[in-house]
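Asks: Using the sequences provided together with the hints, build the complete structure.
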Amino acid sequence: MDIATTAGLPNGHAALGSARRYRQAGRWRLAVIVLSALALFVLAGAVAVVGISETGLATLLAIVVEKLSFGYVKANADPQQARVLLYLRLPRVVMAMVAGGSLAFAGVLMQAITRNPLVSPYTIGVSSAAAFGASVAIMFGVGFSAAGLYFVPLTAFLFALGCAVLVFSMAWLRGMGAQTMVLTGIALMYLFSAMTAAVQFVATQEQLARVVHWTFGSLNGIGWDAVAVAGLALLIALPLAQAKAWQFNALTSAGDDVSRSLGINVAMLRGLAVVLSVVVSAVVISFTGVIGFVGLIGPHVGRLIIGSDHRYLIPFASICGAALLLLADTLGRMAFSPTVIPVGIVVAFVGVPLFLHLILSRRSEYFS
Numbered sequence: 132m133d134i135a136t137t138a139g140l141p142n143g144h145a146a147l148g149s150a151r152r153y154r155q156a157g158r159w160r161l162a163v164i165v166l167s168a169l170a171l172f173v174l175a176g177a178v179a180v181v182g183i184s185e186t187g188l189a190t191l192l193a194i195v196v197e198k199l200s201f202g203y204v205k206a207n208a209d210p211q212q213a214r215v216l217l218y219l220r221l222p223r224v225v226m227a228m229v230a231g232g233s234l235a236f237a238g239v240l241m242q243a244i245t246r247n248p249l250v251s252p253y254t255i256g257v258s259s260a261a262a263f264g265a266s267v268a269i270m271f272g273v274g275f276s277a278a279g280l281y282f283v284p285l286t287a288f289l290f291a292l293g294c295a296v297l298v299f300s301m302a303w304l305r306g307m308g309a310q311t312m313v314l315t316g317i318a319l320m321y322l323f324s325a326m327t328a329a330v331q332f333v334a335t336q337e338q339l340a341r342v343v344h345w346t347f348g349s350l351n352g353i354g355w356d357a358v359a360v361a362g363l364a365l366l367i368a369l370p371l372a373q374a375k376a377w378q379f380n381a382l383t384s385a386g387d388d389v390s391r392s393l394g395i396n397v398a399m400l401r402g403l404a405v406v407l408s409v410v411v412s413a414v415v416i417s418f419t420g421v422i423g424f425v426g427l428i429g430p431h432v433g434r435l436i437i438g439s440d441h442r443y444l445i446p447f448a449s450i451c452g453a454a455l456l457l458l459a460d461t462l463g464r465m466a467f468s469p470t471v472i473p474v475g476i477v478v479a480f481v482g483v484p485l486f487l488h489l490i491l492s493r494r495s496e497y498f499s
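According to the numbering used here, the stretch in the sequence shown is residues 132 to 499, in order.
Everything labelled a hint here was simulated from the structure, so no lab data went into it. Treat the hints with care, as some may be off.
Stated by the list, open to error - Estimated spans, in silico, between C-beta atoms of each pair:
hint, residue 1, residue 2, range
1, TYR281, PHE486, 31 to 39 Å
2, GLN373, TYR218, 31 to 39 Å
3, PHE271, MET399, 20 to 28 Å
4, PHE467, THR335, 26 to 34 Å
5, LEU285, HIS344, 16 to 24 Å
6, GLY394, ALA177, 44 to 52 Å
7, LEU297, ILE436, 30 to 38 Å
8, ALA150, VAL181, 27 to 35 Å
9, GLN155, ILE476, 40 to 48 Å
10, GLN373, GLN331, 35 to 43 Å
11, ALA479, ARG152, 36 to 44 Å
The beta-carbon is built from N, C-alpha and C at its ideal position, and this holds for glycine as well.
Replies: Written out as structure tokens, the structure reads:
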């Protein structure tokens, strides 16, 4: 049936109008994502040069171009400023965006497969497990050796991965609902927090300082190697999740039974989402330490602005998470300069009121 024939039917004009509005809404959402991404990169450039005298975005761009061209294009910038930007500021700024985007991305997927808006890497115990793993590595002295630079993140990653696998395996094998799974994750979160506290109780002063600093969540000392690993994990996971966006829409809006009737392998979809979200979040947490609320706030802000369609929500929530963590880290650096407040503390102060506002203002939607 062509358009002319459809238009002659009683509801033809209404159907065409709905289709046109649907396409316009899609174009609007896509424009919001593109503009937000551009604004994020401009913000990142401004944050990278703030506090460095006589250095602007043009100088930063010239330094980056010189580095990418292997010196073929000269930046004509002060060598000391170039080193500060390339090896101190830029890794920190890029890691803030990658970490925030990864945690928000993981939050979107976890909330989709559980149909629960309160699920995040933090609430299922992944962050606390990573903190305990790092504490154990530091406690045995590995964190102070040259190998500790990589062994502590590796141990944290393995503990985070193990916790997530345990939570989702129990849910899968026992047939637990989403809320029961969240409660299981919270129980494990308290368990790992208690074990981390026990490690702190018997640690030496030097070990205690290192463990406490790690559990605060910080971007201090981040290098390009950490950025490369975390960024690669996110770059691989994003398109894989994006390819399943329609299936996530069906699962969140209609549930398991309807999704199966549409030909969706729900078990495989959940398995893919678990693997992607856990790996991405565990990689980030292993380098940055415990950072909460980004995995909760990013998806909620994304839904508030762009809606619940995962074709747009997955990338936009990642942008929101990246912007949130970048702004939080900048605030932590500048609020009491030269003292740097760990980003995990700043995120908690900013994220808790915002999250409570979202929950109270939209409680009928979240808890209906």
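Asks: Run every hint past the structure and note whether it holds.
Replies: Hint check:
For TYR281 and PHE486, the Cβ-Cβ distance of about 34 Å falls inside the hinted range of 31 to 39 Å, so the restraint holds. At about 33 Å, the beta-carbon gap between GLN373 and TYR218 stays in the expected band of 31 to 39 Å. Between PHE271 and MET399 the CB atoms are about 39 Å apart, so this pair departs from the stated range of 20 to 28 Å. Separation of PHE467 from THR335 is about 28 Å and conforms to the stated range, judged on CB atoms against 26 to 34 Å.
Restraint check, LEU285 to HIS344: a C-beta distance of roughly 18 Å satisfies the suggested window 16 to 24 Å. In this structure the hint that GLY394 and ALA177 lie 44 to 52 Å apart at CB holds, the actual value being about 47 Å. Between LEU297 and ILE436 the beta carbon distance is about 34 Å. The supplied range of 30 to 38 Å therefore holds. At about 47 Å, the CB distance of ALA150 to VAL181 disagrees with the hint of 27 to 35 Å.
Checked against the hint of 40 to 48 Å, the pair GLN155 and ILE476 passes, with Cβ atoms roughly 43 Å apart. A C-beta distance of roughly 41 Å is found between GLN373 and GLN331, which places it inside the suggested range of 35 to 43 Å. Checked against the hint of 36 to 44 Å, the C-beta distance between ALA479 and ARG152 comes to roughly 40 Å, which is consistent with it.
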